[in-house]
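Asks: Throw the hints in and build the complete structure from the sequences for me.
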Amino acid sequence: MVSREQKRGVLHEKLQILRSVAHSHAEDDMSIISDASSYIKELKQKITKLNQEIASGQHAKVCQPLVSVEVLENGFLINVFMDKCIPGLLASILEAFDEIGLSVLEARATCTGSFRLQAVGEEEGDELIDAHAVEQAVVQAIKKCRAN
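Using UniProt numbering, the letters of the sequence shown correspond one by one to residues 1 to 148.
Just to be clear, a hint being listed does not mean it is correct.
Below are the EDC-like pairs computed for lysine to aspartate or glutamate, each with C-alpha atoms no more than 20 Å apart in a straight line [to be verified]:
| no. | residue 1 | residue 2 |
| --- | --- | --- |
| 1 | K84 | E135 |
| 2 | K144 | E99 |
| 3 | K144 | D83 |
Simulated from the structure, these hints should not be mistaken for laboratory data.
As the structure is a prediction and not an experimental result, all values here were calculated from the model.
Replies: Structural data, given as structure tokens:
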């Protein structure tokens, strides 16, 4: 059978753990519990605030395009994905390719609900284009299309 002193010792130990977790400087048991309760309320408020930030961040992220450009032996593989399809987006991206001197050899696009484009392109003539320039051209075309 556990003695009263052992129970009191275990309770004191648990209160000290609670005190350290709640960053309390209180000495008596009731103050430690009160500080812990306040700390829990503070944490709940932080969680609520973070959940709101995440929700608004995800809303903003939904419209963010995913653009990847992979260098191939004779050109580039361009992948574009957006959760939302914007009218004229495909034409805008193809015009951007034209402007930087990228000739599209093959392309697949879907515009039902979301927007997906997979294109293989190569440089026209002797102009050298790097993958970053292609990616930036696509991003700018998307921004331009959104503005219209």
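Asks: Evaluate each hint against the coordinates.
Replies: Here is how each hint holds up against the structure:
Taken as a hint, the K84 and E135 pair is honoured in the structure, with Cα atoms around 19 Å apart against an allowance of 20 Å. Distance restraint check for K144 and E99: the Cα-Cα separation of roughly 14 Å lies within the 20 Å cut-off, and the hinted pair is therefore satisfied. Proposed proximity of K144 and D83 is supported: the alpha carbons are some 17 Å apart, at most 20 Å.
Hint check: no violations occur; every hint is consistent with the structure.
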